[in-house]
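These are the residues of each chain, in order.
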Amino acid sequence: MKRIPKRYLSLFALIMLMATCACGKSTALEMLQIMGVYGIDLNEEGRLQAYSSSPIFSREANKKYNITKTTALSTRQSRLQLDSMSIGALTGRKLATVLVGKKLLTEKSIYPYMDVLFRDPSSEINASIAMVDGNVSEIMESEMDDKGRLEVVLFEEIETSYEDRICVLTRAYQLEDQLLNPRITPYVTEIKALPGEIKVTGTALLSDDGKYAGSLNNKESSLLLLLQRDIGRPIQLMLDLPSKGIVTINIKNANYNMHSAYGKERFQFRVAVHAEAELTEQATNWKENIPVPVLEQEIAKQLQQECDKLIGKIQRYRVDPIGFGYYAKAYQLSRWKEVEDNWGDAFAQADIEITTRVKLTSTGAVK
Amino acid sequence: MNHLSTSLADNLETAQHLFCQSPDLVIRPFQLKSEQRALLLYFEGLVDKVSITHDILRPLISEAEAIKELSNAPVTVGRVQTVSDWTQVEISLFTGKCVLFVDGIAEALIMFTQGWPQRAISEPQTESTIKGAHQGFVETGEQNIALIRRYLPNHELKLNQYIIGKRVRSTMTLLYLSDIVKPDLVKEMEKRLQSIDVDAILSTGELTDYLDDHPFNLLPQFQTTERPDAAVAHLLQGRIALVVDHSPTVLVGPVTFVSFFQTVDDYSHRWLVASFLRALRFVALLITIFLPASYISLIAFHFEVLPFKLLLSIGESRARVPFPPIIEAFLMEISIEMLREAGLRLPGPVGQTIGVVGGIVIGQAAVQAGIVSNIMVIIVALTAISSFIIPDFDMASSLRLIRFPFMIAASLFGLIGIVISMLLLVGFIMSMRTLGIPYGIPVAPLDMRDWKDIFVRFPLFMLKQRPRSTNATQLRRQGRNRKGGQGGNGA
Amino acid sequence: MRRPLSPEDHKISFTQFVFTIYKTQIGIGILTLPRDLVETTGTDGWISLLIGYAIAVTVSILIIAAMSKYPNDTLYELLPRLFGAWIGGGLSLLWIGYAAGGSLVMLLWSIHLTQVWVLPAISSPTLMFLFVLPICLYTFHGLKLVGRFGEFVYLISFWMPLSLFWGLKDAHWLNFLPIGHNGWVNIILAVKTTLLSFLGFELAFILYPYLTEKKRAIQGVVFANTLALITYSIATVISFLQFSEETLKEYVWPSLVLLKLIRLPFVERFEIIFVALYLVILFATIVPYLYMAAMGANRLLRTKNHRYYTIAFLAGCVVLSVLFRPSFWQLQWMGRQYGKAGFLLAFLFPVFLWLWGIGYRFIRKERHP
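Chains as they are written, first to last, in the UniProt record's numbering: chain A, 1 to 367; chain B, 1 to 491; chain C, 1 to 369.
Same shape as in the complex, but just chain A (with noise of 0.2 Å):
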């Protein structure tokens, strides 16, 4: 009986010891710099600049986010200042948005500058990246407060946006697939800032090496999602017929068959897309009465134009965001292994052809 008590009380202060030891360590939430939003851009200068912004949790003050703002002394040291004013340094923990600068992403490949959130193992990499068309400062700049918090604001446009069909949506880990995976070239939301507003203006491709190659407008990036057979959401793209003049159309599923070969030295890809689609809106022709094989057909036929339209863009663009390499890879091994470091050349030059194929499930209400 009497053991116990002793053992017991020994361990209770060894707890107690250890107790005294770990203390002080944490801090409570509403003690730290939670970054939501970073940002990094060249200023005019070429210098490296990189903004963040974290929430101001007291009821007192005014602003509800916090901007800071860095700026290296000269292009040649930014790296090295990178490593001062890094993602890691500030608790990164949360963050939700990353917006790079078009003008770093022209001159720069932006995989270094992401680094920091694919190594430190207490980052958020579920961040969405997004390109602004402009200056970043722009964006952090600009005024928000009736809108909320800039946090929110930003994540919510861009989530809703591809929500809406009308980007793409670039998490962190997925940029990071995307850059070391030789079968797909990079892509990211592209954001601008208005005055008063903030707007989700399309797609920025980017090249394997993570530089900027073009910019995809929203209908085009709705029509990537098509092709990238990212049908999770239905797609809505609006068409000129000739017989209808212009419809809405929903796109709600799509079967896709894909034939890959090697012919006259060049990668040979046939995708048939068969979609499956509803009339939403019919805007100018609405009293003439169309049958609907003739529009079935006609929004097949403009379907495929568009999409010859962006495959063109894109292969100029040299890029290969729709991962046409996953197919050249599995397929075509050894002619594979002879372009893998160049993809997005050797995709320049594939031939490409899309056929499509629509079936209107419904004309909504109206007949």
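Honestly, the hints are just simulated from the structure, not real lab data. None of the values given here were measured: they were computed from a predicted structure. All the given hints hold, so there is nothing to weed out.
Not everything, but these chain C residues come out facing chain A in the computed CB check (under 10 Å): (1) VAL116; (2) HIS172; (3) LEU177; (4) HIS181; (5) GLN242; (6) GLU246; (7) GLU250; (8) TYR251; (9) VAL252; (10) LYS260; (11) GLU271; (12) ILE272.
27 Å max Cα-Cα, derived BS3-like pairs, lysine-lysine: (13) LYS309/B / LYS199/A; (14) LYS211/A / LYS103/A; (15) LYS249/C / LYS337/A; (16) LYS192/A / LYS309/B; (17) LYS252/A / LYS169/C; (18) LYS301/A / LYS219/A; (19) LYS309/B / LYS64/A; (20) LYS264/A / LYS309/A; (21) LYS219/A / LYS169/C; (22) LYS11/C / LYS187/B; (23) LYS169/C / LYS211/A; (24) LYS63/A / LYS309/B; (25) LYS309/B / LYS169/C.
By construction, the Cβ of each residue, glycine as well, lies at the ideal position given by its N, Cα and C atoms.
Given chain A's structure and the hints, the job is docking chains B and C onto it.
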């Protein structure tokens, strides 16, 4: 001294000597009809006076011939007994019996005329029920046994009686179904009861300290119940029940950790509803132990686990609070414990008022004063409600206590502290035994056959066997009702 | 110490046998396995995994076969019986060292894991002290508690491999094609990596004599290995689906990165909660190994209680954590050494023991017909 004397005068003298300073002792000398002298002793408040006048004094004084043998005395009391030594006379007197001495006989007749003041049978306070019976145990052992017998009229129900306590000789009655219970269990319990050497046992709760396998462990190792139907349900599952005289609760064992989350009411609800309630209780268990600790660890160490918007609202409500989360939590937890205790000690309606006033004052005002955050109030309230869902009072109290070390661990080491504390708690549960039964059964050690009646309750006709966790020797509970386990009763 | 343990305290049931072995097999390996496989053989690693499984099952059946001739002997009684007191004692010592080393390496890894993923600010002696408490409790009470711990861990962690499915955001089935593009030689080479993931079945050496249903022992080891295979397959296949080979090579802890992708409405950064809970699984690897070592030391030195050795070992661990803070590469080196020892003792030794046992009995029969 010890043996009764043949002379009535001697006996009277001994009695007066033994029970001096006991004004409530009635010593009634009288003469039988045959003019033989006799003496009746009883304690004023402990006996049924009507019975003494009508069934003892009247026949003896008006009818009795000379008595040679006491057992033939013409009294009309149901149960009598002859004894020949003073110790037994003393016990009998104190337990409300009356004692008859007759001149010339060295024996005394004990007549069972108990009639002390007692509480009427009423609804149990701590285990109220919706559909089950509304009778609760009272403070008289015999009555309680009678209540159990009413539910279980079976000759296999055996009663072993023990007298425990040197000064207060309480009668303990061990009840069990002899064809179901494993004999070792009864032997083990008997051994433990007989080794208790103590002045007095006044209530069942006191007894558990002497009977527990692990007295230093926080978790209860015997279940107590106020309800005869619950006691009988336990007996039918192969457990043993201990009725303690003077105490309105009955001790049941062996129990396991999960059996504290079962109630008799579960079986009177429809099975899906009952299963939902069971699941709810286990969720409540988790909330009671882990919620405040998780909150502390999230705020202090792992805020990134919270989604951004939730983080913002928690941050906003925390911004005014000047304390670290652990102090905030302790403030609130301790005040709610105080409220609970205050409500318990005060008479009914006042207690409720205290609850309401305290809740509003502490909750609302503390938030407005910026001492605690809104979220903390919600968490504390949720924790308190969860702990009240746990049906067994002892278990609920233990768990409420256990969450404090968890909170401390969480404030020092975050999630790691919680996990380590959980492992220690689970380790203790798994290594415990009650009356030779592993406390963690049927979860660890695993016995899937018992899982039909833990986290969910299967329909009763599918519970064909008694739980294995009691080591019952006879497992069959019912035959094949509802062929194939479903469908109708046959056309 | 309280009462010494009786043989009754050691009886374990079939489920305890299965889950203890299974939970010992699942350790730190699953967190890095996808990368280890990708480094040698790319996305064909799943084939190596299947081959590794077949070998592990065969060896575990051989263990049972070797043990079943002496159903009441643990490894530490069997070795002196078959090899004589001196050689047997030496071999026992080897096994004790292997088991103790295994639990030490795992302990150090779990501290490293916690510091990297959950609590970067905490010091390793503090963590070591915290970890030692439950390990001590579980090891103290003998095999029975080790078995119950296995069951408990299985019950609270069976959802863990399944939670990886939530991390599957965009599945690229084409990642698996073409099959065998890294060459069959590499697939065979990667088998060694997968074999090490199955380490833990050698626990049958000490569990078997205490198993109540000995007839089902073979079924038990097959069952445990299959459960381990399923768990590993889920982790590998999902990693391969989600990430490309090139990315996987970059990740030190690919399975945990997969968990980082999980976002539920009320919980994000799921990997933090997961790693904290994963400690339970790591302890389920440490505890049996530590018990194996302590029990062996107890038998070898003919003392009455394995608890002294447990305490000595754990106290040593705490002291070690104050003196020595291993870097990631040191840990990796230690893991590799442990893997080599495991390969020799858990894979090659049972085959040898089985053959030796047959020869031994044959010779004895010749001598005393």
